[in-house]
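Student: As a plain string of letters, each chain reads:
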Amino acid sequence: MEAEKSLEGWAPEPAAGLPLARLVDLAFDYRGNTTVVKRDGTALHGYVFNRDADAPAPYLEMFDAEGGGPHRVPYSDVRTVHFTGKDTAAGKSYAAWLARKQAEKAAQVADAPLP
Amino acid sequence: MSVPLSQMWTVASYVLTQRFRGRARYPLVLMLEPLFRCNLACAGCGKIQYPGQILRKHLTVEQCLGAVDECGAPIVSIPGGEPLMYPEIGRLVAELVARKKYIYLCTNAILLKERLEAGVFTPSKYLSFSIHMDGLREEHDEAVCKDGVFDEAVQGIREALRRGFRVTTNTTLFEGADPERVRQFFDAMMDLGVEGMMLSPGYSYSKAPDQEHFLRKQRANELFHRILSSPKRRWRFNQSPLFLQFLMGKRDYECTPWGNPTYNLFGWQRPCYLLQEGYAESFQDLIDSTHWERYGKRSGNDKCRDCMVHCGFEATAVQETFASWRGFRDTVVATVTGRA
Numbered sequence: 001m002e003a004e005k006s007l008e009g010w011a012p013e014p015a016a017g018l019p020l021a022r023l024v025d026l027a028f029d030y031r032g033n034t035t036v037v038k039r040d041g042t043a044l045h046g047y048v049f050n051r052d053a054d055a056p057a058p059y060l061e062m063f064d065a066e067g068g069g070p071h072r073v074p075y076s077d078v079r080t081v082h083f084t085g086k087d088t089a090a091g092k093s094y095a096a097w098l099a100r101k102q103a104e105k106a107a108q109v110a111d112a113p114l115p
Numbered sequence: 116m117s118v119p120l121s122q123m124w125t126v127a128s129y130v131l132t133q134r135f136r137g138r139a140r141y142p143l144v145l146m147l148e149p150l151f152r153c154n155l156a157c158a159g160c161g162k163i164q165y166p167g168q169i170l171r172k173h174l175t176v177e178q179c180l181g182a183v184d185e186c187g188a189p190i191v192s193i194p195g196g197e198p199l200m201y202p203e204i205g206r207l208v209a210e211l212v213a214r215k216k217y218i219y220l221c222t223n224a225i226l227l228k229e230r231l232e233a234g235v236f237t238p239s240k241y242l243s244f245s246i247h248m249d250g251l252r253e254e255h256d257e258a259v260c261k262d263g264v265f266d267e268a269v270q271g272i273r274e275a276l277r278r279g280f281r282v283t284t285n286t287t288l289f290e291g292a293d294p295e296r297v298r299q300f301f302d303a304m305m306d307l308g309v310e311g312m313m314l315s316p317g318y319s320y321s322k323a324p325d326q327e328h329f330l331r332k333q334r335a336n337e338l339f340h341r342i343l344s345s346p347k348r349r350w351r352f353n354q355s356p357l358f359l360q361f362l363m364g365k366r367d368y369e370c371t372p373w374g375n376p377t378y379n380l381f382g383w384q385r386p387c388y389l390l391q392e393g394y395a396e397s398f399q400d401l402i403d404s405t406h407w408e409r410y411g412k413r414s415g416n417d418k419c420r421d422c423m424v425h426c427g428f429e430a431t432a433v434q435e436t437f438a439s440w441r442g443f444r445d446t447v448v449a450t451v452t453g454r455a
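Protein chains in written order, with my numbering: chain A, 1 to 115; chain B, 116 to 455.
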């Protein structure tokens with residue numbers, strides 16, 4: 001089974017093939033805290049739980065790392081998003097669990113004494 | 116027949132009222148998630164995969180009641196997270212009972228006995244504990260990744276029944292389940308004395324060729340056919356018999372994603388209980404601004420192609436019951452004869 005990839009630790013900058021809206025989408029799908037770096041040099045660390053790229057003024061919404069919020073941040077204020085927090089979903093999918101169980105069973109069979 | 120008549124009547128009159136008013140999209144069951152925190156860590160459960168500050172948060176009772184009033188669904192299901200860990204679960208349930216909402220409190224039952232002994236709940240026809248049971252001891256403990264949970268849940272069920280509460284079970288079945296073991300599990304739940312059982316296939320999503328999608332659906336239909344094709348008279352299901360027929364492949368339904376809207380810490384979840392593609396600020400906003408045409412089997416959306424889960428299709432089954440005399444007749448016949 002292909003290993004699950006995580007964005008944990010990734011610190012990208014928007015580029016031609018990676019627009020800010022895509023980065024925000026990735027942050028929305030990410031099950032960990034991120035750091036939203038603003039154009040004024042400040043940053044907000046927390047969990048991005050919503051975004052609306054189709055709104056007249058696109059925005060993201062997040063709870064900060066202390067649980068405060070929700071904070072609404074317009075895309076126009078965001079320079080980039082870094083995936084700084086632990087990915088709480090990494091390796092915890094049902095498929096990963098199933099693969100682990102099968103590996104455990106296979107190991108038990110291999111370790112069993114010969115009759 | 117395991118759904119009480121008063122509950123059937125409430126749902127029937129609600130659905131007919133919505134149809135009479137010409138309302139195209141209306142909710143049937145509100146999925147109210149007051150918290151994401153849980154005392155289990157089941158494999159693949161996306162509900163608990165959040166950073167600590169999110170898991171420590173929960174909705175206030177007022178936020179919950181605001182959502183219930185705004186949505187207007189006659190049934191409120193309280194999943195989570197583990198709702199018995201919600202500090203104000205007793206007050207929330209009492210307020211919902213006062214509003215005459217039929218409540219399914221979905222719990223793993225680890226804390227049930229303790230909460231009952233503490234007097235947190237009062238028996239009511241409006242309140243049913245819906246106990247998560249994915250099979251007999253071996254299957255259930257494996258599904259929840261912890262030994263001993265099955266036995267704790269059984270203790271909780273016995274205590275709740277002894278105190279006069281309504282108790283149902285909810286079971287998720289994945290590909291590979293053993294039909295004979297599932298049938299033994301049904302017997303065991305009936306022996307315990309639960310009012311009824313709820314079944315659903317698990318949700319899986321992966322990008323796959325058309326042929327594989329077809330085979331998955333066929334395998335799911337075969338599994339449920341083997342489980343349900345010769346049901347025992349004593350089995351009671353707390354769900355639409357037409358939905359069970361859909362699981363067996365006897366009916367072809369389209370999803371009703373707005374049928375079970377979900378409200379939690381983040382707002383009204385788009386588009387459904389399973390998919391998390393954004394949040395609306397209000398229920399009306401959810402209904403008005405979600406691109407519903409992008410979801411369901413006919414949409415071609417990969418994420419919807421293999422889905423047969425109750426939160427999307429049971430509402431369709433209930434609507435069919437009231438959409439035609441044939442649907443009504445089929446529901447009555449299946450309910451009276453007990454044959455899916």
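Any given hint could be a false lead.
Restraint ranges, calculated between C-beta atoms of paired labels, are given here [claimed, not checked]: (1) Glu257(B) <-> Ala90(A): 39 to 45 Å; (2) Asp40(A) <-> Glu337(B): 43 to 49 Å; (3) Asp400(B) <-> Arg79(A): 28 to 34 Å; (4) Lys38(A) <-> Gly167(B): 22 to 28 Å; (5) Ala103(A) <-> Gln299(B): 27 to 33 Å; (6) Ala11(A) <-> Asp266(B): 46 to 52 Å; (7) Ala55(A) <-> Arg334(B): 22 to 28 Å; (8) Ala11(A) <-> Cys260(B): 32 to 38 Å; (9) Asp40(A) <-> Asp266(B): 55 to 61 Å; (10) Ala95(A) <-> Glu408(B): 18 to 24 Å; (11) Glu396(B) <-> Arg79(A): 23 to 29 Å; (12) Ser76(A) <-> Lys162(B): 31 to 37 Å.
In silico lysine to any residue, SDA-like type, Cα no more than 25 Å apart, as pairs [unchecked claim]: (13) Lys172(B) <-> Leu20(A); (14) Lys92(A) <-> Glu253(B); (15) Lys261(B) <-> Asp87(A); (16) Lys38(A) <-> Gly9(A); (17) Lys162(B) <-> Asp29(A); (18) Lys92(A) <-> Phe280(B); (19) Lys38(A) <-> Leu20(A); (20) Lys418(B) <-> Gly91(A); (21) Lys92(A) <-> Arg152(B); (22) Lys101(A) <-> Leu155(B).
Not close to chain B: a few residues of chain A, all C-beta gaps over 12 Å, as computed [what the hints assert, rightly or not]: (23) Trp10; (24) Pro12; (25) Ala15; (26) Gly32; (27) Thr34; (28) Ala53; (29) Ala95; (30) Leu98; (31) Val109; (32) Leu114.
No lab work stands behind these hints, which were simulated from the structure alone.
Only a predicted model underlies this, so the values are computations on that prediction, with no experimental measurement involved.
Note that beta-carbon positions come from the ideal geometry of N, C-alpha and C, so glycine has one too.
Student: Indicate, hint by hint, whether the structure satisfies it.
Tutor: Against the structure, the hints come out as follows:
As the Cβ distance of Glu257(B) to Ala90(A) is approximately 22 Å, the hint placing it in 39 to 45 Å is violated. For Asp40(A) paired with Glu337(B), a C-beta distance near 59 Å fails the hint of 43 to 49 Å. In this structure the supplied range 28 to 34 Å holds for Asp400(B) paired with Arg79(A), their Cβ-Cβ distance being about 29 Å. Distance hint for Lys38(A) and Gly167(B): a CB-CB separation of about 24 Å, consistent with the stated range 22 to 28 Å.
Between Ala103(A) and Gln299(B) the CB atoms are about 29 Å apart, so this pair conforms to the stated range of 27 to 33 Å. Taken as a hint, the range 46 to 52 Å holds for the pair Ala11(A) and Asp266(B), whose Cβ atoms sit roughly 48 Å apart. At about 42 Å, the CB distance of Ala55(A) to Arg334(B) disagrees with the hint of 22 to 28 Å. Range check, Ala11(A) to Cys260(B): Cβ separation about 33 Å, and the 32 to 38 Å hint holds.
Between Asp40(A) and Asp266(B) the beta carbon distance is about 57 Å. The supplied range of 55 to 61 Å therefore holds. Hint check: Ala95(A) to Glu408(B), Cβ distance near 30 Å, so the stated range 18 to 24 Å is violated. Taken as a hint, the range 23 to 29 Å holds for the pair Glu396(B) and Arg79(A), whose Cβ atoms sit roughly 26 Å apart. As the Cβ distance of Ser76(A) to Lys162(B) is approximately 33 Å, the hint placing it in 31 to 37 Å holds.
For a cut-off of 25 Å, the pair hint linking Lys172(B) to Leu20(A) is broken: about 29 Å separates their Cα positions. Straight-line distance between C-alpha atoms of Lys92(A) and Glu253(B) comes to about 21 Å, which keeps the hinted pair within the 25 Å bound. Between Lys261(B) and Asp87(A), the direct Cα distance comes to roughly 23 Å. Compliance with the 25 Å bound is thereby established for this hinted pair. Taking the CA atoms of Lys38(A) and Gly9(A), the gap is near 18 Å; set against the 25 Å cutoff, the hint holds.
Proximity of Lys162(B) to Asp29(A) is assessed by CA-CA distance (about 13 Å); at most 25 Å being required, the pair is judged to hold. With a C-alpha separation of about 35 Å, the suggested pairing of Lys92(A) with Phe280(B) is violated against the 25 Å cut-off. Of the pairs offered as hints, the one joining Lys38(A) and Leu20(A) holds, with about 12 Å between alpha carbons and a cut-off of 25 Å not exceeded. This hinted pair checks out: Lys418(B) and Gly91(A) have alpha carbons roughly 20 Å apart, not beyond 25 Å.
With a C-alpha separation of about 16 Å, the suggested pair Lys92(A) and Arg152(B) falls inside the 25 Å cut-off, and the hint holds. Note on Lys101(A) and Leu155(B): the hinted pairing holds, with a Cα-Cα distance of about 18 Å set against a maximum of 25 Å. The beta carbon of Trp10(A) is kept farther than 12 Å from every beta carbon of chain B, the shortest such distance being approximately 16 Å. The Cβ of Pro12(A) sits about 20 Å from the closest Cβ of chain B, beyond the 12 Å cut-off, so the non-interface label holds.
With a least beta-carbon separation of about 25 Å from chain B, Ala15(A) lies farther than 12 Å from that chain, consistent with its non-interface assignment. With a least beta-carbon separation of about 6 Å from chain B, Gly32(A) fails to lie farther than 12 Å from that chain, contradicting its non-interface assignment. Taking the minimum C-beta to C-beta distance to chain B, about 10 Å, the non-interface status of Thr34(A) is violated against the 12 Å cut. At roughly 10 Å from the closest C-beta of chain B, the C-beta of Ala53(A) falls inside 12 Å, breaking its exclusion from the interface.
Consistency note on Ala95(A): stated as away from chain B, yet its beta-carbon is not over 12 Å from all of that chain's, at 8 Å minimum. The claim that Leu98(A) lies off the interface is violated: its Cβ sits roughly 8 Å from the closest Cβ of chain B, which falls inside the 12 Å cut-off. Interface exclusion of Val109(A) from chain B stands, the closest Cβ pair being 17 Å apart, more than 12 Å. With a cut of 12 Å on Cβ distances, Leu114(A) stays outside the contact zone with chain B, its closest approach being about 27 Å.
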